[in-house]
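Trainee: Sequence:
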Amino acid sequence: MPSLRIQTLITLFALVILTPNAFAQVKYMVVVGVDGLSPDGILHGDAPNLKRLREKGSWTYHARGVMPTSSSPNWASMIMGAGPEQHGVTSNDWETNKFEIAPTVVGPGGIFPTIFSVLREQKPDSTLGVFHDWDGYGRLLERKMVDVVEDLDGPTNTVRRAVEFIKSRKPTFTFIHLDHVDHAGHHDGHGTPAYYASVGVADKLIGEVIAGIQEASMTQDTLVLVTADHGGKDKGHGGATMGEIEIPWIIAGPGVRVGHEIKASVNTYDTAATIAFAFKLKPPQAWIARPVREAFEKSDR
1 MPSLRIQTLI
11 TLFALVILTP
21 NAFAQVKYMV
31 VVGVDGLSPD
41 GILHGDAPNL
51 KRLREKGSWT
61 YHARGVMPTS
71 SSPNWASMIM
81 GAGPEQHGVT
91 SNDWETNKFE
101 IAPTVVGPGG
111 IFPTIFSVLR
121 EQKPDSTLGV
131 FHDWDGYGRL
141 LERKMVDVVE
151 DLDGPTNTVR
161 RAVEFIKSRK
171 PTFTFIHLDH
181 VDHAGHHDGH
191 GTPAYYASVG
201 VADKLIGEVI
211 AGIQEASMTQ
221 DTLVLVTADH
231 GGKDKGHGGA
241 TMGEIEIPWI
251 IAGPGVRVGH
261 EIKASVNTYD
271 TAATIAFAFK
281 LKPPQAWIAR
291 PVREAFEKSD
301 R
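Numbering of the sequence shown is given in the working numbering, commencing with residue 1 and proceeding in unit increments.
The reader is advised that the hints may include incorrect statements.
[Stated by the list, open to error] Here are the computed distance ranges between Cβ atoms for each label pair:
(1) G189 x K123: 35 to 45 angstroms
(2) E215 x P48: 34 to 44 angstroms
(3) F99 x G236: 20 to 30 angstroms
[Said to hold, decoys possible] 25 angstroms max Cα-Cα, derived BS3-like pairs, lysine-lysine:
(4) K51 x K204
(5) K170 x K144
(6) K235 x K263
(7) K263 x K298
(8) K123 x K167
(9) K235 x K123
(10) K298 x K282
(11) K263 x K123
(12) K27 x K167
(13) K204 x K144
(14) K233 x K282
(15) K27 x K170
(16) K27 x K123
(17) K235 x K27
(18) K280 x K298
(19) K280 x K263
(20) K298 x K51
(21) K280 x K170
(22) K144 x K98
Worth flagging that the hints you see were computed from the coordinates, not collected in a lab.
Glycine included, each C-beta is placed from N, C-alpha and C at the ideal position.
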């Protein structure tokens, strides 16, 4: 049964990251961003893989996004290491040639520098991939800095292609964006049975990603981070409520503290700084983000 195979591989993933020799230099990282995934969705949805990842790593259900709690400003902040005040992505209407606030700096990719351009500049031989099923995500990164960028139809296709990429290329950094949970929130409402069911689908797909990492023999050297852009309220988001701004932030892999609830403040832009920290990269001066050092066994990377 596929689900049993995935569960077995996830268990092996957990065993490997718990062994002492697993705390080696990070070679790979996979970030899964689930649009509209709230902490409530994990707590009340069918999410065994996410809960297992939490048990084997470090986590907080009190990370925060940026204002406004819309998708583009938060996805941008997550990879740009700064807030809208710096990068200028203030709404979903933002385009590279259509904005209200100019970025404080423009990086080599023609926009505010993202983790992708930082990786490309400081680790030029890196293999980088992005797989997303929301059309708007692709405009937020420097495409010429990324080896593979695919805009796919639906979460299943998105994860299938990402796993194929991971297994065939053993990429340095892979970003996977899933959009269907946000759709459920808009269509049926946050906190509804349909919303929780969509979280269950995301959880199964995250299990497939972890299984793919294991099958690629990358587990010992791979950090996995799962987070979101925003939560929601009723059938929407974009407002100023705790349900909209709080997001999950779960990380596991070599060097990460096990079963540790992070007490430090975490903002979505700290994701970019944490990726840079894990790869021993120097962050751009314009970033305001800080790595989530508390998540790691040692902070002298």
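Trainee: Of the hints stated earlier, which fail here?
Mentor: Those not satisfied are hints 2, 6, 9, 11, 13, 14 and 17.
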